[in-house]
Amino acid sequence: GQQVMQIPQYQHVQEGEDFTTYCNSSTTLSNIQWYKQRPGGHPVFLIQLVKSGEVKKQKRLTFQFGEAKKNSSLHITATQTTDVGTYFCAGPTGGYNKLIFGAGTRLAVHP
Amino acid sequence: NAGVTQTPKFRVLKTGQSMTLLCAQDMNHEYMYWYRQDPGMGLRLIHYSVGEGTTAKGEVPDGYNVSRLKKQNFLLGLESAAPSQTSVYFCASSYSTRWGANYEQYFGPGTRLTVT
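Chains as they are written, first to last, in the working numbering: chain H, 1 to 111; chain D, 1 to 116.
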């Protein structure tokens with residue numbers, strides 16, 4: 001069946017270092033969404049990418065959608081302690097706005 | 001606007017007991033979803049609803065039932081709880097899709113359930 005895989009599962013960085021998480025889908029996606037979940041919190045939508053090769057920026061966060069629309073990445077420049085949490089990618093599956101989520105990448109930032 | 005709310009926040013059940021988790025949204029969303037989150041496994045869809053009076057199975061529906069009697073509420077029931085159902089449960093809602101577009105899902109704060 002359809003799968004969405006994320007790597008790494010966990011990463012810890014020193015504050016100020018960069019961070020990247022990668023998302024790979026077993027199928028071509030019409031779009032991809034990214035969510036952030038703070039420790040003890042709930043997932044919160046960050047962004048949606050739709051076009052092949054699309055790059056979007058939100059302050060220190062850069063999101064990319066691959067040319068083949070099967071992979072995506074999230075890059076954080078100069079991490080801060082506020083970036084701590086788990087980042088999930090999600091792709092549509094089976095209509096009705098259903099999503100299939102990756103397992104997430106947990107980011108720890110040491111001050 | 002409260003967004004998506006869930007009750008209760010925490011619950012401990014004994015094996016075989018039953019309970020109902022309540023989700024409510026005030027955004028007039030057509031679509032609602034129930035997920036479970038387990039360590040290292042991301043979010044998995046249990047059941048979903050595309051409108052009042054409708055429900056459908058997701059990826060991991062066994063052991064759960066749902067009802068959507070009112071548009072704003074989506075209930076998740078466990079008839080006979082098992083330790084394997086220990087998890088964090090999230091409800092989410094979204095606008096209905098048009099012409100293949102997808103929309104963000106809004107999540108509730110979650111219910112942490114432990115079954116002993």
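Rather than coming from a laboratory, the hints here were simulated on the basis of the structure.
Incorrect hints may appear among the rest.
[What the hints assert, rightly or not] Each pair of labels, with its calculated beta carbon distance range: (1) D:Pro-61 to H:Gly-41: 17 to 27 Å; (2) D:Gly-63 to H:Thr-62: 25 to 35 Å; (3) H:Gly-16 to D:Leu-69: 43 to 53 Å.
[To be verified] A short, non-exhaustive set of chain D residues, derived as facing chain H with CB atoms under 10 Å: (4) Val-4; (5) Met-41; (6) Asn-73; (7) Glu-79; (8) Ala-82; (9) Pro-83; (10) Ser-84; (11) Gly-108.
[Stated by the list, open to error] Under 7 Å between C-beta atoms, here's a sample of chain H residues computed to sit facing chain D: (12) Pro-8; (13) Pro-39; (14) Pro-43; (15) Phe-45.
Glycine included, every Cβ here is placed at the ideal spot set by N, Cα and C.
Tested hints:
In this structure the hint that D:Pro-61 and H:Gly-41 lie 17 to 27 Å apart at CB holds, the actual value being about 26 Å. Checked against the given bound of 25 to 35 Å, the beta carbons of D:Gly-63 and H:Thr-62, roughly 41 Å apart, lie outside it. With their beta carbons about 52 Å apart, H:Gly-16 and D:Leu-69 fall inside the hinted range of 43 to 53 Å. Because the smallest distance between the Cβ of D:Val-4 and any Cβ of chain H comes to about 8 Å, under 10 Å, the interface hint for this residue holds.
The restraint placing D:Met-41 at the interface with chain H holds, with a minimum CB-CB distance near 6 Å, inside the 10 Å limit. The beta carbon of D:Asn-73 comes no nearer than 18 Å to any beta carbon in chain H, farther than 10 Å, and the hint placing it at the interface is violated. For D:Glu-79, the interface hint is violated, the least distance from its beta-carbon to any beta-carbon of chain H being 24 Å, above 10 Å. Interface hint status for D:Ala-82: violated, as the beta-carbon distance to the closest one in chain H is roughly 23 Å, over 10 Å.
Nearest Cβ of chain H to the Cβ of D:Pro-83: about 22 Å, over the 10 Å cut. The hint is violated. Against a cut-off of 10 Å between C-beta atoms, the interface hint on D:Ser-84 is violated, since the closest Cβ of chain H lies about 18 Å away. Checking D:Gly-108 against chain H by beta carbon gives a least distance of about 6 Å; that is within 10 Å, so the hint holds. Contact between H:Pro-8 and chain D, as hinted, is not supported at the beta carbon level, the nearest pair being about 12 Å apart and thus beyond 7 Å.
Annotation: H:Pro-39 was flagged as interfacial toward chain D, and the flag is violated, the nearest CB pair being 12 Å apart, outside 7 Å. Nearest Cβ of chain D to the Cβ of H:Pro-43: about 5 Å, under the 7 Å cut. The hint holds. With 7 Å as the threshold, the beta carbon of H:Phe-45 comes within range of chain D, its nearest partner Cβ sitting at about 4 Å, so the hint holds.
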